[in-house]
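**Q** Based on the sequences and whatever the hints tell you, model everything.
Keeping their order, the protein sequence lines are chains S and P.
Take the position in the first sequence, starting the count at 1, then add 17; the result is the number in our numbering.
Take the position in the second sequence, starting the count at 1, then add 17; the result is the number in our numbering.
It should be emphasised that the hints constitute simulated quantities derived from the structure, not laboratory data.
Fair warning: this is a prediction, and the values are worked out from it, not measured in the lab.
Backbone N, C-alpha and C fix where the C-beta goes; we use that ideal spot for every residue, glycine too.
Be aware that one or more of the hints could be misleading.
Here chain P is said to cover these stretches of chain S; the calculated rule only asks that three of the stretch's residues, wherever they fall, bring their Cβ under 8 Å from a Cβ of chain P [claimed, not checked]:
no.	stretch
1	81 to 93
2	96 to 106
If the Cβ cut is set under 8 Å, some of the chain S residues that face chain P in the computed set are [stated by the list, open to error]:
no.	residue
3	68
4	70
5	71
6	75
7	76
8	78
9	162
Below, a list of computed lysine to aspartate or glutamate pairs in the EDC-like style, where the Cα atoms sit at most 20 Å apart [stated by the list, open to error]:
no.	chain 1	residue 1	chain 2	residue 2
10	P	64	S	120
11	S	65	P	101
12	S	167	S	96
13	S	64	P	101
14	P	54	S	99
15	P	65	S	102
16	P	163	S	102
17	P	65	S	31
18	S	91	P	179
19	P	91	S	166
20	S	191	S	181
21	P	65	S	96
22	P	54	S	102
23	S	65	P	96
24	P	41	P	124
25	S	91	P	166
26	P	46	P	159
27	S	163	P	166
28	P	234	P	166
29	S	48	S	31
Number of protein chains: 2
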Amino acid sequence: MTFPKNLFNSHSKEDGDFFLGITKILGFKPKTLSVYKKAFLHRSMNKKDANGNAMNYERLEFLGDSMLGTIISKHLYSEVPDGDEGYLTKMRSKIVSREHLNELGKDLGLINFVESRIPKSHFGQNIHGNVFEALVGAIYLDRGYKYCEKFIQHRVIGPYVDIEQLEGRVISYKSLVIEWCQKKKKSFDFDVYEDTGNDPLKHFAVKLSIGDSVVAKARATSKKKAEERAAKRAFFALQDKMEN
Amino acid sequence: MTFPKNLFNSHSKEDGDFFLGITKILGFKPKTLSVYKKAFLHRSMNKKDANGNAMNYERLEFLGDSMLGTIISKHLYSEVPDGDEGYLTKMRSKIVSREHLNELGKDLGLINFVESRIPKSHFGQNIHGNVFEALVGAIYLDRGYKYCEKFIQHRVIGPYVDIEQLEGRVISYKSLVIEWCQKKKKSFDFDVYEDTGNDPLKHFAVKLSIGDSVVAKARATSKKKAEERAAKRAFFALQDKMEN
Chain S
18 MTFPKNLFNS HSKEDGDFFL GITKILGFKP KTLSVYKKAF LHRSMNKKDA
68 NGNAMNYERL EFLGDSMLGT IISKHLYSEV PDGDEGYLTK MRSKIVSREH
118 LNELGKDLGL INFVESRIPK SHFGQNIHGN VFEALVGAIY LDRGYKYCEK
168 FIQHRVIGPY VDIEQLEGRV ISYKSLVIEW CQKKKKSFDF DVYEDTGNDP
218 LKHFAVKLSI GDSVVAKARA TSKKKAEERA AKRAFFALQD KMEN
Chain P
18 MTFPKNLFNS HSKEDGDFFL GITKILGFKP KTLSVYKKAF LHRSMNKKDA
68 NGNAMNYERL EFLGDSMLGT IISKHLYSEV PDGDEGYLTK MRSKIVSREH
118 LNELGKDLGL INFVESRIPK SHFGQNIHGN VFEALVGAIY LDRGYKYCEK
168 FIQHRVIGPY VDIEQLEGRV ISYKSLVIEW CQKKKKSFDF DVYEDTGNDP
218 LKHFAVKLSI GDSVVAKARA TSKKKAEERA AKRAFFALQD KMEN
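**A** This is the structure in structure tokens:
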């Protein structure tokens, strides 16, 4: 009598935890979990597939890097109709900069999923961006282009890509919000507190109140970032009012 | 009484010719013809859209370049399971090299569609590759990722991407075919003749016969290319036989 391969493995406690964790980050359920596992497999594990080929996240990183660039290109093409080729290229490289991707990967806590023989504390900053790219590659292989586009929209473009800010036209949403409050003679309060929870990295949360109401909340790895993020959300929520 | 915009324009003789010509190259019918027209609009035409933004192929070239790279990345990822990140990157840059894209654009005769105030004879070689990339961008905007992938499969990967040849492992299919014929004591004949037809560029056709049968035909812009292409087709057709 034979059993299907991995019948038991696929229900292990470890896989279950990985499934839940990754589903939370993706915002949808993975179909083929093994593709995502590969996205977090460091070369130090020395794993090989059935054909003897090295198995680690580096090939997925190659794929994800390319996919990410394309989806950002499409976004910029649509959002900046007056930008020429040179401008679009410059903006894209700002968005997909190593620094930016490292920040993204770190905020998502991707390093918690990494399997490695090297202690995680020994990795440089680039591990965060590298596994982020590998994750994008895995999404593409598992669910195709559309899901990949949605994930990038949701995780990169929505929270991080602000063309005005990238251009340096808006330096700080916090100062915009403060200016508006002063002009309108409204009180405001950025209530910042530590909110690390189960994260391995320290996190801060902000509640931004204008007058008596909380108008935005945000959470990030530094006080400044959390304030800026909350201010940005408030800015867009209040945009109509602020223009008057 | 108002008429829908472009009701008459869209049926002009000129548009009809463009539609037929472009459909032949694409292998499917375009939905929004204007996107493809933009892919062939040189900046010297100084066209602007309704919002005053410059209209030429350069922004589409930015998009198509990115899209092409991603689709080639995916192809390499699947086809070369034992290639590491560095190898995949090197192969991709060979495939999407300026020289290669210029050859592709030239073979498709894309320059015939270019609208420019500069005489076409004044353009350098890069115009061919640039409008090829712009065309890929237009396909993506008009029909989405899947069509773009199919077009690249059909027009780039199928006829041009041979990983063994890119690696230099196979120098010439012609010599492989000749070797096999000699070993098997079979006669062979590369019958080459000019076959330019309505193309603006000189073209050559080859009929490759082994023994009494024509085993492959091909057409290209040089005798050598046409022979190599026919030999490649024969090589794959005869592969089982050749291995014995």
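**Q** Work down the list of hints and note, for each, if the structure agrees.
**A** Here's how the hints hold up against the structure:
1. 81 to 93: holds (count 6)
2. 96 to 106: Held - the stretch 96 to 106 of chain S has 7 residues with a Cβ nearer than 8 Å to chain P, which meets the minimum of three.
3. 68: holds, 7 Å
4. 70: holds, 5 Å
5. 71: For residue 71 of chain S, the interface hint holds, since the closest Cβ of chain P sits about 7 Å away, which is under 8 Å.
6. 75: Since the shortest Cβ distance to chain P is 4 Å, the answer is holds.
7. 76: Result: holds, 6 Å to nearest chain P Cβ.
8. 78: Given a least distance of 6 Å, the restraint on residue 78 of chain S holds.
9. 162: holds, 4 Å
10. P:64 to S:120: violated, 41 Å
11. S:65 to P:101: At roughly 13 Å apart (the allowed maximum being 20 Å), residue 101 of chain P and residue 65 of chain S satisfy the hint.
12. S:167 to S:96: holds, 16 Å
13. S:64 to P:101: holds, 14 Å
14. P:54 to S:99: Holds. Residue 54 of chain P to residue 99 of chain S sits at ~18 Å (cutoff 20 Å).
15. P:65 to S:102: holds, 15 Å
16. P:163 to S:102: violated, 24 Å
17. P:65 to S:31: violated, 58 Å
18. S:91 to P:179: Violated - the C-alpha atoms of residue 179 of chain P and residue 91 of chain S are around 29 Å apart, more than 20 Å.
19. P:91 to S:166: Holds: residue 91 of chain P and residue 166 of chain S sit about 15 Å apart, inside 20 Å.
20. S:191 to S:181: holds, 14 Å
21. P:65 to S:96: holds, 17 Å
22. P:54 to S:102: holds, 18 Å
23. S:65 to P:96: Measuring from Cα to Cα gives roughly 17 Å; hence the hint holds.
24. P:41 to P:124: Status holds; Cα separation ~13 Å.
25. S:91 to P:166: Satisfied, since the Cα-Cα distance of roughly 15 Å is no more than 20 Å.
26. P:46 to P:159: With a Cα-Cα distance of about 10 Å, the restraint between residue 46 of chain P and residue 159 of chain P holds, given a limit of 20 Å.
27. S:163 to P:166: holds, 13 Å
28. P:234 to P:166: violated, 26 Å
29. S:48 to S:31: holds, 17 Å
Figure legend: structure checked against the earlier numbered hints; hints not met, in rising order: 10, 16, 17, 18, 28.
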